[in-house]
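Asks: Letter by letter, the chains look like this.
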Amino acid sequence: SDGSIIQPKSYIWGTLNIKMFVDSLTEQGITDIKVEESGDGSIIHLPNDDTLIQIESGSTHIMCGGDETVRIKLRDTLLKCLQKI
Amino acid sequence: LVMRGNKLQLIEPRQALMDLGLAEHHLRFTSTLYVEEEGPPSKVAENIYQLVKSKCKDQPTQYSSDGSISVSDVLISVSGEEDDKTKSVLVSWSHQDEVLGSFLLNLVNTELTTATE
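These protein sequence lines are chains A and B, in that order. Under this note's numbering, the letters of the first sequence match residues 1 to 85, in that order. Under this note's numbering, the letters of the second sequence match residues 86 to 202, in that order.
In case anyone wonders, no lab produced these hints; they're calculated from the structure. Remember, it's a predicted structure, so these values are computed and weren't measured experimentally. We put the CB at the ideal spot given by N, CA and C, even for glycine. Incorrect hints may appear among the rest.
What the hints assert, rightly or not - Below, a sample of chain A positions facing chain B; criterion: calculated Cβ distance under 8 Å:
| hint | residue |
| --- | --- |
| 1 | Ile12 |
| 2 | Gly14 |
| 3 | Asn17 |
| 4 | Thr60 |
| 5 | Ile62 |
| 6 | Met63 |
| 7 | Cys64 |
| 8 | Gly66 |
| 9 | Glu68 |
| 10 | Leu78 |
| 11 | Cys81 |
What the hints assert, rightly or not - Straight-line alpha carbon distances no greater than 25 Å define the calculated DMTMM-like cross-link-like pairs of lysine to aspartate or glutamate that follow:
| hint | chain 1 | residue 1 | chain 2 | residue 2 |
| --- | --- | --- | --- | --- |
| 12 | B | Lys128 | A | Asp40 |
| 13 | A | Lys84 | A | Asp40 |
| 14 | A | Lys80 | B | Glu196 |
| 15 | B | Lys170 | A | Asp40 |
| 16 | B | Lys140 | A | Asp67 |
| 17 | A | Lys84 | B | Asp158 |
| 18 | A | Lys84 | B | Asp104 |
| 19 | A | Lys84 | B | Glu196 |
| 20 | B | Lys140 | B | Asp104 |
| 21 | A | Lys84 | B | Asp151 |
| 22 | B | Lys128 | B | Asp158 |
| 23 | A | Lys73 | B | Asp104 |
| 24 | B | Lys138 | A | Asp67 |
| 25 | A | Lys80 | B | Glu97 |
| 26 | B | Lys128 | B | Asp151 |
| 27 | B | Lys170 | A | Asp50 |
| 28 | A | Lys84 | B | Glu183 |
| 29 | A | Lys73 | B | Asp158 |
| 30 | B | Lys142 | B | Glu196 |
| 31 | B | Lys140 | B | Asp169 |
| 32 | A | Lys73 | B | Glu183 |
| 33 | A | Lys73 | B | Glu97 |
| 34 | B | Lys170 | A | Asp67 |
| 35 | B | Lys170 | A | Glu68 |
| 36 | B | Lys138 | A | Glu68 |
| 37 | A | Lys80 | A | Glu36 |
| 38 | A | Lys80 | A | Glu68 |
| 39 | B | Lys170 | B | Glu183 |
| 40 | A | Lys80 | B | Glu183 |
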């Protein structure tokens, strides 16, 4: 692949339910989860996976190391908790 | 594709969300890789720029003077001190650029890193 494949883009909407997301992560086998309130959002810290997830009402930022299996697991878990078109 | 009155119209997904009164949820990823390279971070940035330019000919690629690289809407930046033996490479993209972002992360990871932390 040269990275030029055109893929349909998907859009997501809504606000993330933190409890639902944390429960889903637990179901995925991620158990070391620290949730902190921060301003008008939350920060989820996953020390074992070298990951920080910054959540506000209209946005989520997943910051992790270079391990794609971790990132994809987090992405798919998150997408299950939001609405898509 | 949405119904407006009794007409079907093809509109941008972002516009469709707005029309329906739904707030888009912005999802962004930033993944950090570690590259073993002595010398200034700009040297690593230059290597990445050349690599990306040769592999992604169809994507608009820019190299800024601050050492960051943009490939379409995906951003790559290198940080670290000249004396550090490893430099951090941050690859950042939004959910809409998932395919390109993931491709670039894997590209830099396989071509330039010798060890990931």
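Asks: For every hint, state whether the structure bears it out.
Replies: Here is what the structure says about each hint:
1. Evaluation of the A/Ile12 hint against chain B yields a held restraint, the C-beta minimum of about 5 Å falling below 8 Å.
2. Proximity of A/Gly14 to chain B holds as hinted, the smallest CB-CB distance being about 6 Å (cut-off 8 Å).
3. For A/Asn17, the shortest C-beta to C-beta distance to chain B is roughly 12 Å, which exceeds 8 Å, and the interface hint is violated.
4. Among the interface hints, the one on A/Thr60 holds; its C-beta lies about 5 Å from the nearest C-beta in chain B, closer than the 8 Å criterion.
5. Hint status for A/Ile62: holds, given a least beta-carbon distance of 5 Å to chain B, under 8 Å.
6. The criterion of a C-beta within 8 Å of any C-beta in chain B is met by A/Met63, whose closest approach is roughly 5 Å, and the hint holds.
7. The restraint placing A/Cys64 at the interface with chain B holds, with a minimum CB-CB distance near 6 Å, inside the 8 Å limit.
8. Checking A/Gly66 against chain B: minimum C-beta separation of about 4 Å stays under 8 Å; hint holds.
9. Interface hint status for A/Glu68: upheld, as the beta-carbon distance to the closest one in chain B is roughly 7 Å, under 8 Å.
10. Taking 8 Å as the C-beta cut-off, the interface hint given for A/Leu78 holds, the closest approach to chain B being about 7 Å.
11. Hint status for A/Cys81: violated, given a least beta-carbon distance of 10 Å to chain B, over 8 Å.
12. A C-alpha spacing of about 39 Å is found between B/Lys128 and A/Asp40, which places the hinted pair above 25 Å, so the restraint is violated.
13. A C-alpha spacing of about 23 Å is found between A/Lys84 and A/Asp40, which places the hinted pair at or below 25 Å, so the restraint holds.
14. Restraint check for A/Lys80 and B/Glu196: not satisfied, since their Cα atoms lie roughly 33 Å apart, outside the 25 Å limit.
15. Distance restraint check for B/Lys170 and A/Asp40: the Cα-Cα separation of roughly 38 Å exceeds the 25 Å cut-off, and the hinted pair is therefore not satisfied.
16. Of the supplied pair hints, the one linking B/Lys140 and A/Asp67 holds, its CA atoms being roughly 22 Å apart against a limit of 25 Å.
17. Taking the CA atoms of A/Lys84 and B/Asp158, the gap is near 21 Å; set against the 25 Å cutoff, the hint holds.
18. For the hint pairing A/Lys84 with B/Asp104, the CA-to-CA distance comes to about 15 Å; that is within 25 Å, so the pair holds.
19. A threshold of 25 Å between alpha carbons decides the hint, and for A/Lys84 with B/Glu196 the separation of about 34 Å lies outside it, so the pair is violated.
20. Only pairs whose Cα atoms come within 25 Å are accepted, and B/Lys140 paired with B/Asp104 is rejected, the gap being roughly 39 Å.
21. Simply put, A/Lys84 and B/Asp151 have alpha-carbon atoms about 36 Å apart, too far for the 25 Å limit, and the pair is violated.
22. For a cut-off of 25 Å, the pair hint linking B/Lys128 to B/Asp158 stands: about 22 Å separates their Cα positions.
23. Annotation: proposed proximity of A/Lys73 to B/Asp104 is violated, straight-line Cα distance about 32 Å (limit 25 Å).
24. Proposed proximity of B/Lys138 and A/Asp67 is supported: the alpha carbons are some 24 Å apart, at most 25 Å.
25. With a CA separation close to 23 Å, the supplied pair A/Lys80 and B/Glu97 stays within the 25 Å bound.
26. Taken as a hint, the B/Lys128 and B/Asp151 pair is honoured in the structure, with Cα atoms around 12 Å apart against an allowance of 25 Å.
27. Among the hinted pairs, B/Lys170 with A/Asp50 is consistent with the structure: their alpha-carbon atoms are about 21 Å apart, no more than 25 Å.
28. Simply put, A/Lys84 and B/Glu183 have alpha-carbon atoms about 15 Å apart, close enough for the 25 Å limit, and the pair holds.
29. Proximity of A/Lys73 to B/Asp158 is assessed by CA-CA distance (about 23 Å); at most 25 Å being required, the pair is judged to hold.
30. Restraint check for B/Lys142 and B/Glu196: satisfied, since their Cα atoms lie roughly 17 Å apart, inside the 25 Å limit.
31. Under the criterion of a C-alpha separation no larger than 25 Å, the hint pairing B/Lys140 with B/Asp169 is inconsistent with the structure, at around 28 Å.
32. Simply put, A/Lys73 and B/Glu183 have alpha-carbon atoms about 14 Å apart, close enough for the 25 Å limit, and the pair holds.
33. Our distance criterion of 25 Å between C-alpha atoms is broken by A/Lys73 and B/Glu97, whose separation comes to about 28 Å.
34. Distance restraint check for B/Lys170 and A/Asp67: the Cα-Cα separation of roughly 21 Å lies within the 25 Å cut-off, and the hinted pair is therefore satisfied.
35. For the hint pairing B/Lys170 with A/Glu68, the CA-to-CA distance comes to about 24 Å; that is within 25 Å, so the pair holds.
36. With a C-alpha separation of about 23 Å, the suggested pair B/Lys138 and A/Glu68 falls inside the 25 Å cut-off, and the hint holds.
37. Between A/Lys80 and A/Glu36 the CA atoms are separated by roughly 22 Å; this keeps the pair inside 25 Å, and the hint holds.
38. Under the criterion of a C-alpha separation no larger than 25 Å, the hint pairing A/Lys80 with A/Glu68 is consistent with the structure, at around 18 Å.
39. The hinted pair formed by B/Lys170 and B/Glu183 fails the criterion: a straight-line CA distance of about 30 Å is larger than 25 Å.
40. Simply put, A/Lys80 and B/Glu183 have alpha-carbon atoms about 16 Å apart, close enough for the 25 Å limit, and the pair holds.
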